[in-house]
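The listed protein sequences correspond, in order, to chains U and D. Numbered according to this note's numbering, the first sequence spans residues 1 to 269. Numbered according to this note's numbering, the second sequence spans residues 270 to 782.
There may be inaccurate statements among the hints.
Quick list of simulated restraints, FRET-style, between CB atoms [said to hold, decoys possible]:
(1) U:G234 <-> D:E396: 17 to 25 angstroms
(2) U:T269 <-> D:Y413: 45 to 53 angstroms
(3) D:A649 <-> U:L12: 49 to 57 angstroms
(4) D:K352 <-> U:L58: 49 to 57 angstroms
(5) D:K592 <-> U:P170: 20 to 28 angstroms
(6) U:L86 <-> D:S545: 50 to 58 angstroms
(7) D:G776 <-> U:G153: 55 to 63 angstroms
(8) U:G230 <-> D:G286: 22 to 30 angstroms
(9) D:R388 <-> U:L257: 34 to 42 angstroms
(10) U:T269 <-> D:R388: 46 to 54 angstroms
Everything labelled a hint here was simulated from the structure, so no lab data went into it. Ideal Cβ positions, reconstructed from N, Cα and C, are used throughout, including at glycine.
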Amino acid sequence: MAKNLKNLFPGLAYVHGDTVVHRMHPLPKLLLLITYSVSVIVFSRVIVAVALFLVLLLFYGFSGLGPGFFLRKLRVIMIFGLMMLLVQIISVQQGQLLFEYTLFNSISLQIWSAGLAAGLIMMLRFINIIVSSYLFVSTTDPNKLVYALMQAGLPYRYGFMLITSLRFIPVFSQDLAIIRNAQMAKGIDLEGVSPGKVIVSVKYLLTPLVICALNKVDCLAISMESRAFGLHPGRSYLYEQAVDLKEWLFLAVSTVLLLGGGFYLTYIT
Amino acid sequence: MGKPVVCVNGVTFRYEGCALPAISDINLQLDKGEFISITGSSGCGKSTLALCLAGFIPHHVAGEMCGSVIINGLDSQQYPPSKLAGIVGLVQQDPEAQMCTLRVIDEVAFGPENLCLSRKEIKDRVEWALEAVNSLHLRDREIYSLSGGEKQRIAIASVLAMQPSLIILDEPTANLDPVGTVEVLQVIKKLEADTAVIIIEHRLKQLMPISDRLLIMDKGRIICDGKPDQVYREFRCGQKRFYAAGFKPGEREGPSQPAAGEKELCLKPSPVLSVSDLSVNLGEKSVLENISFDIFPGQITAVMGGNGSGKTTLLLSLLGINKPERGEIFYRGSSISQEKVSLRARNMGMVFQNPNHQIFENTVLLEAMLPSLMLFKDKALASDMVNSLLEEFELLQYKERLPFSLSFGEKKRLTLVSVLGYQPGILLLDEPLIGQDNLRAEIFWQAVLKHSSAGGISIIVCHDPDFVRNFCDRLLFLDKGTLLLDRPVEEGFNLLKELGFKEYLPGGSIVEE
Chain U
1 MAKNLKNLFP GLAYVHGDTV VHRMHPLPKL LLLITYSVSV IVFSRVIVAV
51 ALFLVLLLFY GFSGLGPGFF LRKLRVIMIF GLMMLLVQII SVQQGQLLFE
101 YTLFNSISLQ IWSAGLAAGL IMMLRFINII VSSYLFVSTT DPNKLVYALM
151 QAGLPYRYGF MLITSLRFIP VFSQDLAIIR NAQMAKGIDL EGVSPGKVIV
201 SVKYLLTPLV ICALNKVDCL AISMESRAFG LHPGRSYLYE QAVDLKEWLF
251 LAVSTVLLLG GGFYLTYIT
Chain D
270 MGKPVVCVNG VTFRYEGCAL PAISDINLQL DKGEFISITG SSGCGKSTLA
320 LCLAGFIPHH VAGEMCGSVI INGLDSQQYP PSKLAGIVGL VQQDPEAQMC
370 TLRVIDEVAF GPENLCLSRK EIKDRVEWAL EAVNSLHLRD REIYSLSGGE
420 KQRIAIASVL AMQPSLIILD EPTANLDPVG TVEVLQVIKK LEADTAVIII
470 EHRLKQLMPI SDRLLIMDKG RIICDGKPDQ VYREFRCGQK RFYAAGFKPG
520 EREGPSQPAA GEKELCLKPS PVLSVSDLSV NLGEKSVLEN ISFDIFPGQI
570 TAVMGGNGSG KTTLLLSLLG INKPERGEIF YRGSSISQEK VSLRARNMGM
620 VFQNPNHQIF ENTVLLEAML PSLMLFKDKA LASDMVNSLL EEFELLQYKE
670 RLPFSLSFGE KKRLTLVSVL GYQPGILLLD EPLIGQDNLR AEIFWQAVLK
720 HSSAGGISII VCHDPDFVRN FCDRLLFLDK GTLLLDRPVE EGFNLLKELG
770 FKEYLPGGSI VEE
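Bound conformation, chain D alone (with noise of 0.2 angstroms):
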């Protein structure tokens, strides 16, 4: 086999302020072709492992390491990751910030330009790397006309452009749509068999088949590391709530749940909410066309469809920020269609996708109770509640601290926290899972499941058909701003596997050895 890609030997690494080391003697290696799959909870190291293997760590990142990384018998800490450049190639997870040029020829040129290679090299490398991703199509293509799956193929083929020994994916498709995440695993799995591949995900299903190997990292150590298969069995044995089994369904508790079903709409409860043919236009561009729909107390409906088929647009329209082009909204039977956004607030919470953009107070508490005191005025009262939900989602230690400096994870249970806190009677969630392992994952939705029994409805965007199976009593599931289908949930699934969209049912973005 020859002389090892990757040898780490006994890395610790502690960042610069921090009591304890984000990783703990990490001993690892990595043969040539092998494929790699890392996983484990938020914060459990994976990233910095990532940095250290490419060099970042120690030259880039403040902080204290130990042990030694060689990567084709070159010791990082003598090489700066520029100098790596070429053995190592990191492809992240957010696909808009990682491309620094206009066009997609640009950018996978980019890499062997900086190298000073030759024209002709550099051509070639470019058409081969645009090949392997099957992107030639796209060559000539501006990058910001692409989709999320498009970018992130594009990313990896200009890190395949250098032609590097040691490829590492930090979640490649954590923001990508289920049509996206397909088309990138595919073209991951066929990566050269010279390269070696790490790949870090939570989602592991879709990696087992794929893997030679899978890591299992755990509060910055190698918890497990051997046969995917045999890893996964090891891994349940010890903590069964870890993944896959982790979402335990029918576990609601209270009698308001009106499970969605044809039948039980010849009761008739009123609906919380009704849309009526609701039409919105962004600019001159039609986003949602006749979109209708009633939703009754307790059900949890899961909204699904591509990127660009007008999903957040439409929790948006329901909340008020994009004004309809025609419609009604009905809140408990009243018109909210006129109703100014700050008002219609207070029925309705909405978390979004990336938690950055809500976050901008000093401390934590303050950024919980934030939405509480605008909407109501009722610091007493917000405080209670808001404390009381801060300890549910183990964030009371960090009340004081600057939001910013909590981890993805748990700025998005913070958001979370700040909309529960007033109790709105609708909550609309935009892409929840995304940054979320699966253990904290649960408590999101145990939270969600509460509100629900307590007669609330709630609107998920989602792409993970697993999570809508085991969760949601409805799907909604959005084509091109029309509302495709609006079913019980595996009446839903069965419709949308008649109709070709396989890659959003359950198990459909498994790419298959």
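So here's chain U without its partners, still in its complex pose (with noise of 0.2 angstroms):
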């Protein structure tokens, strides 16, 4: 399952960096994905959906991630978006005819400006928020982004919360690891992959991860709370994570660039 979606969004990780786009607080940049996709859900025409894309090329420019990014990671999303507009332009057949192309005399290839459009929209709406989920990852540090979110009022038990999934995700990985070896050992075949096999693995490699995992968990707990965890209401921090002053700035700046550019290309132009 978990090695199912790692095919689905390869490489969904944070990539070490110090860029301009590396450094922004995670706060104002976690805002700023908002406005983002707001400006892509609320603006419906081409031209604005286009638009959102270059931007989007920009930041991703300075990240540094590079082209090799999009053609490694991003493949799958981009082949899906293109689906998208097959399917539009081939299911939707209004507004004008622009192009026409008669195979073997009996099927009719055509495309409406409709259907171009709609096809066109909808592409670009998904990957426009893929990508932009995708550029927010691989540049924000979630250890960061949780600490952050911690000191602007997020409850602290749901922050550890999840930095205690984020740092159990590889221990459990590697204990279903060791569990699927040591129950092949017992002479359970679970080499190749098959219907039946999924099931047997399922009820062989289960009960023990399970087990881990709730040992583990009371051990957690434990020197949790031991070092006074959940004692005081709030907590104090070794890193302040202020935002700048230029980085609220650079977020209003851009809000208004985005939405009032959003809405000039809709309803103006």
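Reassemble the complex: the two chains are provided individually, in unrelated frames, and hints are given to aid placement.
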């Protein structure tokens, strides 16, 4: 399951870097992502979608992730987007006929203006949303993000829920690998892939995994509580994650540009 | 000397659903700066006592407690663990599970941050604590990238940063390789003089030189308390087998034992297992390179090496779980390199480090029979064999119980029973000593010796040099995926000494005062 998700969203993880996009404080960056996503959803003209895509490319340029990132990690997303475009073009036949081609004198391929527009919008919206989230995740240290959110008012219990789950994902996946080995050593055939084996593996892997997880959680709870977790309603932080005035300004200007620009292109031109 | 840090008065605790108390009538007093070691067989109540001292009993563990635990003048009945935090610090066995943040510095700052200290105070404490465990250079590292020893040092630092009056360390080196063990023991030894330290350990030898007092627990009671050497002597008189002298080499029966040595090789018995030029990659990384060795009937072979040197990978490759890049594996002369794991497992029984990874059936009996049934499908045969093994391993009384309800050591014995049940020619044991007191370990070893005197071979990944010296014929030492040496044990240790791996020698992890 996890592997399938990984294939769909390959490398969706923080990529260390020291660019302007990486250095931006996680909080205004998150707000910017939200504003951007709102613009993507609210404005439904092709030109706006294209403009937003260009803005995204600009940020990708700044982030130093390089064109390889698009080709390798976002390939599936791009292909999926193109398929959405094709489905719309084939199924919506309204507006003006832009292009027609007859195949073997019988099958006629037509592209209509409304179909093309709807397809482009749908494809770009999809790509813009996913790709901007990818950019955010790839350039934001999750640890910093959660610490920033906690300092901005997120109750620390929720914050640490996120941090401990990030901490334990690799631990559990390692455990799962060992459990799989251990069950195979007992003679349970888990090699190869077939639906039967998937069911067998769930049966043999899940119980030990849950037991191991519970043991670890017990140990973690003792370790956290013996270090005064939950003693006070608030807590202090070693690193203050204050947002620069410049960054607030940048956020404000970007918000005005995104929403204002979108409004202008949608309703005035 | 002033007020004692810890004052335990007549504490008895019984877990909910248990007939007998886990600890009974414990009286203990600990002064500022005192360093005491507690030892005893598995299930003797050491860890329960630790939980009492840290306040988790009675607040978070269901059961019935009498008596009082006073820490720095505070009664644990009235103060929950989070309120005792800053007074008592607890370091647990598993270095992985007790870390709750992603970076070293966040981990060490975690406690002081919870105490709402000022930024400057937190910073000072973090630096001081990291310095105290020789780990200032690790401060910006990510936790997952640390070795076991480093993780345990950071766990100690994160407790130190709370500046507790009492630190309890519950088997802090159990999961570490010899290098990590030495690192951690050196850190423990130089803990601040005004902090009282309680360390719970099976491996006494390492602690004797650094303890002020040694306590021995048995069946929930403290049965000896005094100067380490005195207690050691007194206790050894009573129960010779208890530790150190527990293993008796040279008790093997049967003629099939070709004591490993170069001379015997001219007799040329044919090897049971041959590995030739084995290389294994995991992902992009090369984990084993050009490993070759032959193992002859009856041999007990130890595999030593640091964490990450490829020991476990070697066992998994023999079993076919890790696929080799190159090389061949032969069992009794025929190549098994192409065989599936389920076929190879008929001849090779592997016991993993953590039994929780292996166990999953509903009763002890079913669990013990599972591999026999999976591999040979002969229920009657499996049942007879397994029942007698359960008896031998003192597990028969639990046969209808849920395996997960057993103690760690019992689970470990259960996993060995499940493997011995189908009498494989090769036993692969990964760190079998962890979680076993010496008394129980002996049952374990007698079984291995019996297996070898019947001509079987055992390959044992082990960190304990004393054990290797007493029990094994041969030593394979892996270093960064290559086979650094393959010698009879004594010769192997001499060579290791010359090569500078002194932590791996018998007595090498003892930190002198």
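Looking back at the numbered hints, which does the structure fail to meet, lowest number first?
When the structure is compared with the hints, none of them turns out to be violated.
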